[in-house]
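Enquirer: As given, the protein sequences belong to chains A and B, one line each in that order. The numbering of the first sequence is this note's numbering, which starts it at 1 and goes up by one. The numbering of the second sequence is this note's numbering, which starts it at 1 and goes up by one.
These are computed hints drawn from the structure, not numbers from a lab. All of these numbers come straight from a predicted model, not from anything done at the bench. One should not assume that every hint holds.
[Claimed, not checked] In silico DSBU-like cross-links for lysine-lysine, where the CA-CA straight-line distance does not exceed 30 Å: (1) K248(A) / K5(B); (2) K228(A) / K145(A); (3) K40(B) / K193(A); (4) K5(B) / K243(A); (5) K40(B) / K165(A); (6) K262(A) / K281(A); (7) K165(A) / K25(B); (8) K234(A) / K185(A); (9) K5(B) / K145(A); (10) K188(A) / K60(B); (11) K5(B) / K185(A); (12) K193(A) / K60(B); (13) K165(A) / K5(B); (14) K158(A) / K41(A); (15) K60(B) / K165(A); (16) K60(B) / K158(A); (17) K41(A) / K10(A); (18) K10(A) / K68(A); (19) K25(B) / K182(A); (20) K16(A) / K117(A); (21) K60(B) / K185(A).
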Amino acid sequence: MAQVNYKELKKGGFMKQVQKDRFSLRIRLAGGQIEADQLKKVYEIAQRYGQGYVHLTSRQSIEIPFIKLADVDVVKQELAQAGLQPGACGPRVRTITACQGSTICPSGLIDTTELAKEFDQKYGGRELPHKFKLGITGCGNNCLKAEENDLGVKGGVKPNWLDSKCNFCGLCEAVCPTQAIKVQKSDKQLLFKDQECNYCGKCVKACPVEAWEGQSGFIVSFGGLFGKRIAVGKQLLPILFSKDNLHKVVEITLEFFKKHGKQSERFGNTLDRVGWELLKKELQEVK
Amino acid sequence: MSGEKADAFVDITDVVCPITFVKAKVAIEELEDGQILEIKMNEGEPIQNVPRSFKEEGHKVIGVENGGDGTYTVLVEKGGLE
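Chain B on its own, in the form it takes in the complex:
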């Protein structure tokens, strides 16, 4: 996807707000700046809010794929906006 390879993966389709972002945030904390986290999330509220929250914390979304099954896979570069 987008030619970028993820360093870690987290599935947040099994939790609801506000745990969605908490779970994704815990996963990105494990990485070093510049590394990429792949997150699978549901459409609707999670895709609206989780990437925006990452932006607010200085991480950069570099790719979004619509799974076509009500989920999205989002690639986020840790610290990419700092």
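Chain A on its own, in the form it takes in the complex:
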């Protein structure tokens, strides 16, 4: 029998199971989305080549367990017919996770779905010293847990108050979680302490008269871990307003990890070892 290259199979999304010559097939998805037609193909594969069930992974993907070694190639072809492919495992950029974002969720501040697809195209599966997780969450509610990722993105909005439109109702003060806004109704004054603002955008969303306008942006966190070691990702940069700059930041970060990371060392541990300042310095070129 031909030599089985498990590493190659794993790279291609086939995870060796406890059972001999059986593999759990991970599907490459981004932002937890799959077309209904593709889901039908997943169903067919699970019925024909698996055991008639799927597993939903912890990172918004789908695995089809019990694929036989002999069926790997034909299953890949079947996936391709539906525009699907196996996902990434091993030391590389893993499934990009995202909440539904501003196109669906009333709280969303950025288009997370579009960004997840871009991230998947640009960075998905890229070879690195160890696994690398990218996650995108649309707002401060943080449903997608940005800070537990090696690099997390959170939607934010920088508010700007327009005196001429304000009706001084006081709703922004009531909804602001950091007490950054003080409305003085009697003398029609509003005090905004922007250094207290956490960019959650609640004032902008709540304002009944559009007196708060906001510029959407990306709050990036680095070095989060939620495996053997648990560490909260740190914000090293001010909020970014341009998507080009966000991509520059991701590129610099991945290159940094490639250069400084040791095999089987998670990014947060690399940063602890070589110093966070080193990454911060490299990120400074993004303006």
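Starting from the structure of chain A, add chain B where the hints point.
Expert: Positioned in the frame of chain A, the structure of chain B alone reads:
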């Protein structure tokens, strides 16, 4: 409050999401455009979401008072954003 007089009052401090908005919505349905509903609601989730939902339905918040006891009183003008 804010010099505006309410035409109706509803207390939604005794219910939780999503009934908070449902109860407030039922109350505003009773009014004519331009009339004002006064709503007493809890801090936290209700003050975050109920006024925003009114905005989405075209009603305008014209005043908010912090009761200082974990509740807010909100004045909403029916159809004020249409």
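Enquirer: Please go over all the hints and tell whether each is borne out by the structure.
Expert: Against the structure, the hints come out as follows:
1. K248(A) / K5(B): violated, 55 Å
2. K228(A) / K145(A): holds, 17 Å
3. K40(B) / K193(A): holds, 28 Å
4. K5(B) / K243(A): It is violated: about 47 Å lies between the C-alpha atoms, which goes past 30 Å.
5. K40(B) / K165(A): It holds: about 26 Å lies between the C-alpha atoms, which stays within 30 Å.
6. K262(A) / K281(A): holds, 20 Å
7. K165(A) / K25(B): holds, 26 Å
8. K234(A) / K185(A): The given pair, whose Cα atoms are some 38 Å apart, is violated under the 30 Å limit.
9. K5(B) / K145(A): violated, 44 Å
10. K188(A) / K60(B): holds, 18 Å
11. K5(B) / K185(A): holds, 16 Å
12. K193(A) / K60(B): The hint holds at about 26 Å.
13. K165(A) / K5(B): holds, 22 Å
14. K158(A) / K41(A): Given pair K158(A), K41(A) is violated - Cα atoms ~43 Å apart, limit 30 Å.
15. K60(B) / K165(A): holds, 13 Å
16. K60(B) / K158(A): holds, 23 Å
17. K41(A) / K10(A): holds, 21 Å
18. K10(A) / K68(A): holds, 14 Å
19. K25(B) / K182(A): Cα-Cα ~28 Å, so holds.
20. K16(A) / K117(A): holds, 27 Å
21. K60(B) / K185(A): holds, 17 Å
Of the hints listed earlier, those the structure fails to meet are numbers 1, 4, 8, 9 and 14, in rising order.
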